[in-house]
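Residues per chain, in single letters:
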Amino acid sequence: MSSEPTFLTERPREGPEDDLERDLHTEHQILNMGPSHPATHGTVKFTVELDGETVVDLDVAVGYLHRGFEKECEAGTWYQAIPYTDRLNYNSSILSNLGYCMAVEKLLGLETPERCQWLRVMSSELSRVADHLTRCGAACLEMQAMTPFIYGIEARELVWDLCEMLCGARLTSNYIRIGGVKHGMPKDFARTARANIATIRTLLADFDKVVTRNRIFVDRLKGTGILSKEECIRYAVTGPLLRAAGVPLDVRKAEPYLVYDQIDFDVPIGEVGDNYDRYLVCVEEMHQSLRIVEQCLERLEDLGDGPVNVDDPRVRWPAKGRVFNHMEELIQQFKAVTEGPRVPAGEGYLAIESANGELGFYLVSDGSAVPWKVRCRPPSLINLAPLPLMVRGALLADIIPTFDFVNMIGGECDR
Amino acid sequence: MEDHGSAALGRLLAAMPEAIQATHADLGDATALVDPAAVVEVLRFLRDDADCEFEMLTDLCAVDYLGETPRFEVVYHLYSVTKNHRLRVKARVAEDPCEIATACDLWPSANWMEREVWDLYGIRFTGHPELKRLLLYEDFEGHPLRKDYPKERRQPLVGPRN
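Chains as they are written, first to last, in the working numbering: chain A, 1 to 415; chain B, 1 to 162.
By construction, these hints were calculated from the structure, which means they are not laboratory data.
These stretches of chain B come out as covered by chain A in the derived footprint (C-beta under 8 angstroms, 3 or more residues):
| no. | stretch |
| --- | --- |
| 1 | 21 to 29 |
| 2 | 51 to 58 |
| 3 | 122 to 136 |
Even glycine gets a Cβ: it sits at the ideal position worked out from N, Cα and C.
Construct all of the structure, not just a fragment, from the sequences and the given hints.
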């Protein structure tokens, strides 16, 4: 017998090591993700160009929730725009109310009473906690973890219980008024708030135990979705995303409004600007917000009962009892409801720190009772624009946590 | 024209007086109305000058002053992170040709905001890398934030397209 056939010995060895080196023919694949994808909270469509599982490029299409916010505002009175602002960022509607009302007050030249300012700070910090809880909880849910989501939502329910006590609504608060707020603090509010804050802290501790050092979360969050300090600034990214990249910019500290200059709180920052830093920044901001709420409660208890609206005939609504019995007040009420305040002609831009970053309102008035222009600077939209930068070269699965921590809220992004 | 106590406005007036048409600081917002042909140069100066250092184009929007000529106004809100000051720059845009130069080369944040203004006002930003609608769909007719676009106007429903 001759030896083995030659072709067997000459044939190259085929093992898994050789497979790795072999140049396979691949081509880029286009994948449509959304507009209604189960792993994105928000209606947005991504067109992803994939090389295997690696993202080569990403195109973001927004606008699915566009309802013509600005056009609607230009058709009603200055008051009638407030409920629309609830529907901008519906996780923290009080913050949107506040931004708009403070911008109108800037045009009117109004200074609100101290009690009102503390109430505004307290309610906006509660909103911030609700927003961050949604962001962190939903991010876990979209990474297939139900338990931390439930902890987060349970804590958010407690925040919304407090909102309900304050203004009667949980989600679409419509709480802030031009020149004041809807109601003062109800009787039992301070006690309930302290009890709820204690429970929220316990839930945050549970959340922390399940998530912060969990190997799966750390692996999926650390080093993904990085956006450097310089890129953040070039793209006008603000809020927790910018702070996670190491820039301690917070409108509450940089240009203090309301009574933030009298409040003791810290601005947490991250180091590299990845999703893990964003998570840590959000969690720390919640703790800081709870601290602010406690300081507000203390101050509000010292201030006691009293007016929570500015006493300016242009925006003040007369007391109900007098409306029924006096002609003057009846006329004033009628004018206030049907026409609303006339705002002096001019333009003004006012920015507040919302849960997602700088929420600005640029208003133009022609001196009439109807706004000429209501521009909302939506932090969600502007923070979403550099998303392709954050995920280029990453795995397809990294889009999910990155998009979660960008926290695009459709109502605010698309208006 | 005066600087109204704003250091950035003062620097701008000293460096490019011919490009500035008006200034004001109503309600504490320092504002410069600039020549639309020079708007990119003005913005570049404001970004690069050591005393201004506006690294951030916070907001870009438009206003329709129907009945005035020029009809539109493009409004830029600038913010300096290091200096913590703000400036508003405005430029008027005529109805025809309804265009102004893009600021995308200066700040990438202008990309989406200019697309939004094109979408809702129909102001064309020349030199923009990809000027297409942002919030509305391609088949939408008209630009809805123009004052002469009726609020009640309906648009045909179009199906999804991939």
